[in-house]
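All chains, full assembly: derive it from the sequences and hints.
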Amino acid sequence: MVLNIPLDLRELLDRSVLCSPAAAYIPFSLANIADIESYQLGYRIDGLAGEDLTGWEEGEWLPSWLVIGQWDGDPYFVDMTEGEADYPIYTSVHGEGSWEAEEFGCTFVEWIRTLECLLV
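Residues in the sequence shown are numbered consecutively from 1, following UniProt numbering.
Simulated from the structure, these hints should not be mistaken for laboratory data. Where is the CB? At the ideal position from N, CA and C, for every residue including glycine. Errors might be hidden in some of the hints.
Okay, the calculated beta carbon distance ranges per label pair [stated by the list, open to error]:
| id | residue 1 | residue 2 | range |
| --- | --- | --- | --- |
| 1 | 114 | 50 | 33 to 41 Å |
| 2 | 109 | 46 | 15 to 23 Å |
| 3 | 83 | 32 | 15 to 23 Å |
| 4 | 64 | 11 | 13 to 21 Å |
| 5 | 56 | 15 | 30 to 38 Å |
| 6 | 6 | 116 | 15 to 23 Å |
| 7 | 113 | 46 | 28 to 36 Å |
| 8 | 32 | 106 | 14 to 22 Å |
| 9 | 106 | 34 | 20 to 28 Å |
| 10 | 56 | 113 | 28 to 36 Å |
Structure representation (structure tokens):
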């Protein structure tokens, strides 16, 4: 799988804020650039067949969405086209039969900064 991740987003993913021992107390997982592809399985890519699951129809996983974290199977993702807006974070409930992006309420940049403050 080839992911065309914008350079600024790659740099954010490479910050690896969850390397601190305090990260064990955070109830979600956050991807870093080294494991970003594994976070796409089941959302962008079929984990068994390796087929592309993205599409432009309502309810499909959009090709521009990139999973950056998970909480109990629910993806937290950014739209790679929204770099100028600091990558707002979206989430959606898995197992509903379709994907409906709901804005999480902060940007990836803000989330990283908050995690860095909490883990220092």
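When the structure is checked against the list of hints, which entries are broken? Sort them ascending. 2
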